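Trainee: Now for the letters of each chain:
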Amino acid sequence: MKIIVAIKQVPERDAQFRIDAASKWIDETDLQFSLNESDAYALEEALQLKEKLNGEVIVLSAGPERIGTTIREALAKGADRAINIACEDLGTRDALGVAKLLAAAIQQEAPDLVLTGLQSEDLGFGQTGVILAELLGLPHATLILHVEKTETGLTVKRELEEGWFQEVTLPTPAVLTIQSGGNKLRYATLMGIKRAKLKEVRQLTAAEVDSALGTATAPVVILDRVSLPQKQKSTQILPGTPKEAAAALVEKLKFEVRVI
Amino acid sequence: MSGILVVQEAGRNRISLEALAAGRSLAKLTGLPLETAAIGDPNANIFIQTAGEPPAMAYAIQHPALAHYTADGYVLAFEQLIRKLKPSYVVFPHTYQSRDYVPRLATRLGQVLISDVVSINEGPTFTRQLMQGRLNGIYRHTGDGPCLVSVQAGAFRVDLTQPGQTTILPFEPEIEPAQIRTTPGAPFRGSSQTVDLGTAPLIVSVGRGIKEAENLPIVQDLATALGAELAASRPICDNGWLPMERQVGSSGQTVAPKLYLAVGISGAIQHLVGMKGSQCIVAINKDPDAPIFEVADYGIVGDLFEVVPALTEAIKAAKQ
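Residue numbers (my numbering), protein chains in the order written: chain A, 31 to 290; chain B, 688 to 1007.
Mixed in with the good hints, there may be bad ones.
To be verified - Some chain B residues close to chain A (C-beta under 8 Å, calculated; not the full set):
(1) Ser802
(2) Lys945
(3) Ala983
To be verified - Computed far set for chain B versus chain A, every beta-carbon distance over 12 Å:
(4) Glu740
(5) Ala743
(6) Gly989
(7) Pro996
Unchecked claim - Now the in silico label distances, taken between C-beta atoms and shown as ranges:
(8) B:Gly885 x A:Glu81: 25 to 31 Å
(9) B:Glu766 x A:Arg255: 29 to 35 Å
(10) A:Ala52 x B:Gly851: 35 to 41 Å
(11) A:Glu118 x B:Tyr756: 37 to 43 Å
(12) A:Ala248 x B:Gly914: 58 to 64 Å
(13) B:Asn926 x A:Glu95: 29 to 35 Å
Please keep in mind that the hints were generated in silico from the structure rather than gathered at the bench. All of these numbers come straight from a predicted model, not from anything done at the bench. Beta carbons are placed, not taken as given, at the ideal position from N, Cα and C, and that holds for glycine.
Let the hints inform the model, and build the full structure from the sequences given.
Mentor: Listed below in structure tokens is the structure:
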């Protein structure tokens, strides 16, 4: 089975965000970046399918130069090769524009299965996989925790809300978006890291893809500006040493919330 | 029509009414008329329950191929309805179902869904959360054709019902059985739910900040001292550190206890929707900018490995 996993590099979740001077985006200068969590689960599912069924796992990502480290990390975990679409203006493309870049690269490979995480931790649109399916003309299923190959295609376990699940069967090729928690994530081994250096990374540029598609797609949705959220409640912060803060909280719990 | 079409989801009445309220606020901003649609029987509850001034028209989309939800079927049905009505805006509730098919529908229409919107502003522009709730992004639709938005649960207040008449019109899309490529199975529950967090008066909940499974006992000790149930955010259950049935959030249980004490939980929206109805929320987190503090009544900014043991001791002392 030939599987493409579309992955995204996102800012570390603990990062302190500062808004840039134009209020258009965050100041990225001191940020650390890593692999989007649900994409890590998508990669894990792909690697486990390959271990069962043989075949090939290709990781695909678009973004500026820094995504190279995340691609190497995916190769170190066991992906066979990678496609890197160099794109400096990812942020000015909307979800459809980004998906078109990825779809163009996927079409050249004709995979049996395309996996991606259900949502990115930075923009949180949660749409790339589904848009890819439409662009590629393939069936899709979202929020998938488990994938089983059958004779005619796939049976997948899909998460519904509030602790419910369902099984969905669909033919291949197909696109699935993977929910976190379906598998245990692996770490890259030292051997894996060494091997990753020798693996093929195909370099494309967004400009090449744009010109192959005929036109760069103008965005239909624009991020006008960013701002800090307003508090919904006025939180009373209890100051002091841990011991003082704990004592102050116990007072509140006893006399105001009345649960002690 | 050039109006605002609000899509309701059968079985999800509350968030559907919130979507209707969002549609109503768009109608006020733009002066456009409001209509609504849903897949299902025109006699079903969802069309009768309208909030605010009732929309003049409701479309009941019916077809044997739509008896069970599939993305392929729903995309075909709404694509045809939207091409017929030509609305300027289409508003959806942001549910697992709409997340599954609306991006595909948007692509077919040459659009991009503005998903998980928390407020609608003059312009109109649409505010949605970025960076796990640490930042707001204000989005604008610039394309020709309909602007598609989905609204977050709890973000729009349901209007009071007003008297009025809604005409329900049937709409039958053309769908060939072969166009539906996926076969959905019947929904089932994961594990047997032995823990009902929904009725617990006190909950201590633990998140990523706990770092390792070996550290869980310090939070368990706090829960025991308080007489509270132990719960967790999704990453803790994903890692297998606590069973899935203790998970609070959109994919777990929804709780509204007298006290919800969040330890090392940053407060991503998927978690907040499961607990923000709690009577009192206390957050312990090292990051003063963590979104959990936006909904907390009391907060302690500090290292949970110092604060939690101190709190456990203080509670034990207070109970003696």
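Trainee: None of the hints should be skipped; say for each whether it holds.
Mentor: Hints and how they fare:
1. Taken as an interface hint, serine 802 of chain B checks out: its beta carbon lies about 6 Å from the nearest beta carbon of chain A, inside 8 Å.
2. Interface restraint check: lysine 945 of chain B against chain A, minimum CB-CB distance 6 Å, threshold 8 Å, status holds.
3. Checking alanine 983 of chain B against chain A by beta carbon gives a least distance of about 5 Å; that is within 8 Å, so the hint holds.
4. At roughly 28 Å from the closest C-beta of chain A, the C-beta of glutamate 740 of chain B stays outside 12 Å, upholding its exclusion from the interface.
5. At roughly 29 Å from the closest C-beta of chain A, the C-beta of alanine 743 of chain B stays outside 12 Å, upholding its exclusion from the interface.
6. The Cβ of glycine 989 of chain B does not lie farther than 12 Å from every Cβ of chain A; its closest approach is about 6 Å, which violates its non-interface assignment.
7. With a least beta-carbon separation of about 8 Å from chain A, proline 996 of chain B fails to lie farther than 12 Å from that chain, contradicting its non-interface assignment.
8. Glycine 885 of chain B and glutamate 81 of chain A have their C-beta atoms about 40 Å apart, which leaves the hinted 25 to 31 Å range violated.
9. Checked against the hint of 29 to 35 Å, the pair glutamate 766 of chain B and arginine 255 of chain A passes, with Cβ atoms roughly 32 Å apart.
10. One distance hint, 35 to 41 Å for the beta-carbon pair alanine 52 of chain A and glycine 851 of chain B, is violated here, with the actual separation near 46 Å.
11. Checking the proposed 37 to 43 Å range against glutamate 118 of chain A and tyrosine 756 of chain B shows it holds: the Cβ atoms sit about 40 Å from each other.
12. At roughly 59 Å, the beta carbons of alanine 248 of chain A and glycine 914 of chain B sit within the given window of 58 to 64 Å.
13. Roughly 32 Å separates the CB atoms of asparagine 926 of chain B and glutamate 95 of chain A, a value that falls within the hinted 29 to 35 Å.
In terms of the numbered hints stated before, the structure departs from hints 6, 7, 8 and 10, listed from lowest to highest.
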